[in-house]
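**Q** Chain by chain, the residues:
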Amino acid sequence: MQLELRGMTKHFGSLTANDHISLTVEPGQIHSLLGENGAGKSTLMNVLFGLLTPDEGEIVINGVVVPIHDSGEAVRRGLGMVHQHFMLVPVFTVAENVVLGFEPTKSLDRIDYRKANDEIRELSQRFKLEVDPEAIIENLPVGLQQRVEILKALSHDAELLILDEPTAVLTPQEIDSLMEIMRSLAAAGKSILFITHKLKEVKEIADVITVIRQGRVVGTAEPTASESMLASMMVGREVQLTVEKSAYNPGEEVLEIRDLVVLDDRGLVAVNGVSLDVRAGEVLALAGVQGNGQTEFVEALVGMRPVESGTITLKGRNITNFTPRRALDAGLGHIPEDRQRDGLVLTMSVADNLVLNTPRRAPFARRGTRNFKAVNEYAERLVHDFDIRTTSIQAPASSLSGGNQQKVIVARELSRSIEFLVASQPTRGLDVGSIEYVHRQIVEHRSRGLGSLIVSSELDEVLALGDRIAVMFEGKISGVVDPSVSRESIGLLMAGTTMEAAGV
Amino acid sequence: MSDAAAPPRRSLWARYSTASPIVVAALALFLGLVFGALIIATTNAAVLDAWRAIFHSWGGLPHALNVTFNNVGAAYRDIFTGSVVDPQGFWHSLTTGKGWPNTLTPLSETLTYATPLVIVSIGVGVAFQAGLFNIGANGQAVIGGILGAVIGSMLHMPTILHLPLTLLGGIVGGMFCGALPGLLKAYTGAHEVIVTLMFNYVTYAFLLYAVLSTPFQQPGQENDIGRTMDRSAILAPLFGTKSGLRVSYGIFVAAAVVVFAWWLLDRSSLGFDFRVTGANPTAARASGISARSVIVTVFLISGGLAGLAGVVQVASTTHYVDGGFLIGNAGIGFTAITVALLGRNRPMGIVWASLLFAALGVGGRNMQASTGIPLDLATVIQSVIVLFVATPVLVKEIFRLKEAPTTGIHLSTTGWGA
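First to last, the sequence lines map onto chains A and B. The opening residue of the first sequence carries number 2 in my numbering; numbering runs sequentially from there. The opening residue of the second sequence carries number 30 in my numbering; numbering runs sequentially from there.
Derived by calculation from the structure, the hints in this document are not laboratory data. Hints should not be assumed to be uniformly reliable.
Stated by the list, open to error - To spell it out: a stretch of chain B is covered by chain A in this simulated footprint if at least three of its residues, at any positions, have a beta carbon under 8 Å from a beta carbon of chain A; those stretches are:
{"#": "1", "region": "292-303"}
{"#": "2", "region": "315-323"}
Said to hold, decoys possible - Have a look at the derived ranges for each label pair, beta carbon to beta carbon:
{"#": "3", "chain 1": "B", "residue 1": "322", "chain 2": "A", "residue 2": "249", "range": "40 to 50 Å"}
{"#": "4", "chain 1": "B", "residue 1": "222", "chain 2": "A", "residue 2": "230", "range": "42 to 52 Å"}
{"#": "5", "chain 1": "B", "residue 1": "423", "chain 2": "A", "residue 2": "223", "range": "45 to 55 Å"}
The C-beta atom is built at its ideal place from N, Cα and C for all residues, glycine as well.
Just chain A, same shape as in the assembly (with noise of 0.2 Å):
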């Protein structure tokens, strides 16, 4: 299918989040989107699956000019999308997931299992995408979950497939297996949409990149083209995109984790017995797929999960199952997995937020009456030094961007004297320059002596940073590497294989 895309606009009051956005799919292409977070890509596809209208603009498919009002329209179209967070019912079947609410039926009104997994069958054997049609979706890896909901929408005859950063969730060896279906899914005849803002990927599997920054197209690129070029484009100046670090020299000992149990939620064992050292000026990059456990573990690390047993001792001091506060006026500086959750009142001025586990400190606070010359004082001096784009100290966190937000809690953590630093994904969601960013404030702490464990499932963050890489996998350390491992090993061990199994 050829789909063409001419003059898309739209407009979110001021906002224009769209600005004439004009792109061609041919058939059997693998086409491109790349932006940063907010540039449009979204919006983009929303427009195109009928879930927003486009102010001005139109869709052309096989050179017909279509209006789509609704996202059954978009489907019938041949248009078919695999959102970033899977629409799939977990207790229910492979198959059952697959024909949900075109189920094949038999006599009074039941559904016809037999022909729903034949047809499963059918499909997964002329796309390459195995897969059982008789799994429980809940059991399956997300890379697995992710074939269903691709087998889903050719199901429904879908020439045109939209991927909304389908990497977001997969080891590297998923993403290769990813890859591979692309491939013969285009080799087949389908033209897929391939939205993301990594850099990696649209080189090894792009044949025509669009950039898009800001809602406007800024150009388009061949595969070739350098990551640094695609990235300049994709944020607008230059950037660099390694980290530069001083050399490697670890002091003593900080952290030490010993044989630590955590439960989650559901009260199964999380965290299965993990020890890791670090020391000063030493960043740790702990490695894994999301859902290992990771947050857990660091959730019972800052005192806001119990620690079944095992003991956690920051510069010699016991501080297992301290409260909150007390791990903070241990010295422990958290960057919080989900910022917006956990990290930030988004309601409340960005400089009470750059106090907010500090509204009691000298000179914040004088006898429980807070000093506000004080904290604005502070808050001033901080939004230069991090160089936090607001209107004012006063404005809500709300009305900052993403990588701004991060930046308050990043000058927060990090102008509180610590002795440790424990980073949750500390540049999830943000654009190429934020992280550059963040990175950079890590790194030049570490050289300063500070230690700091910084969880991330993305490879590329884990490697830029880590002076050693920890891999969790089910709760369990898989390794201890060093950054200097081939990308494969590392994500042999995320997907569980054993030190000697993964080569290292």
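Position chain B relative to chain A; hints supplied.
**A** For chain B alone, kept in the frame of chain A given last:
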């Protein structure tokens, strides 16, 4: 990134055509009055008769409109003159210097009703700001009132000791009654809405027990009435007993509470903890704020203020409690929930909202007396105002207001599950 741009200067019209909280509240009041007018027009027999006449002849239309406007006008005029001032009487007093007490009575009554309402509503508002629902403010006020009346009537000492002790008794009574649900929530997770709501019934039962039992029951009485407080324990009328104006020194207590609440919410680090907890409980936890201590402290303060409101109510009006204390229409602890909502949980907002509610209540009684339109109309108007304030989206749609730029003000609290 374009977020560094300065906000454009907005014209006066632009400012007032946006859905700012004050504009929404003012328009909600307007809508409440319009709605009240519709109710009067559709329920008043004279008005309906006049409209019925136009089925016979269109000539009756001017008359029908006339009757409608007269009736609505009379009702609203009575509410105003009954709660604020009668312009004629005011002019008379101003020119002749006579009859001031009569002229000022409506205002005095409004203030008398508003005084405890302000205090208890601030108590509820403080809890709201921390994301907690204190539905038991009425019961806490009842206990505060009883304890204040006990101290005021059964202990005897000079005013300088007796009055502060009486007020303190009210605070302690309310604190006790508020602490129980607070502790239950903090340590067992029992939902405060259920517990505080149920506590209201417990306190009613206790009230009846207290006013019917020997040490506290009014001597020589068989009825459900408690002892009368000593003169040394009451909040005396501001202009002396002879003036007949009931407005009392209680308004200074309310003023002190407003200042305290302003300090607590805007200035203190304790209030900062409350607001952080109310706005984002998980971030509060991550920032080292103990949810337990916030819950217990909030309920102590909220209950204490409710108890103070109860004792102020007794000490400035009846000087005794009886079995009907704070029951039904007089249940200021329930009104406080809507007043706090209308006042956006801010001390000064609550003052304005309390005055409005008190005026509608007092003026409504005047309207009922002189026009026969039931007092319930005032309740209808109050309800409509709150309805629209609680759903700014509706007001915005009706008046085609623009979206207000985001402000730091956080109105609503977290919902049930929180």
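**Q** Look at each hint and say if it fits the structure.
**A** Here is what the structure says about each hint:
Against chain A, the region 292-303 of chain B contributes 7 residues with a C-beta closer than 8 Å to a partner C-beta. That satisfies the three-residue criterion, and the hint holds. Under the rule that three or more residues need a Cβ within less than 8 Å of chain A, the assignment of the region 315-323 of chain B holds, with 5 such residues. Distance hint check for residue 322 (chain B) and residue 249 (chain A): the Cβ-Cβ separation is about 43 Å, which falls inside the suggested range of 40 to 50 Å. Look at residue 222 (chain B) against residue 230 (chain A): about 59 Å separates their beta carbons, and that is not inside 42 to 52 Å.
In this structure the hint that residue 423 (chain B) and residue 223 (chain A) lie 45 to 55 Å apart at CB holds, the actual value being about 54 Å.
Hint check: a violation occurs at hint 4 only; the rest are consistent with the structure.
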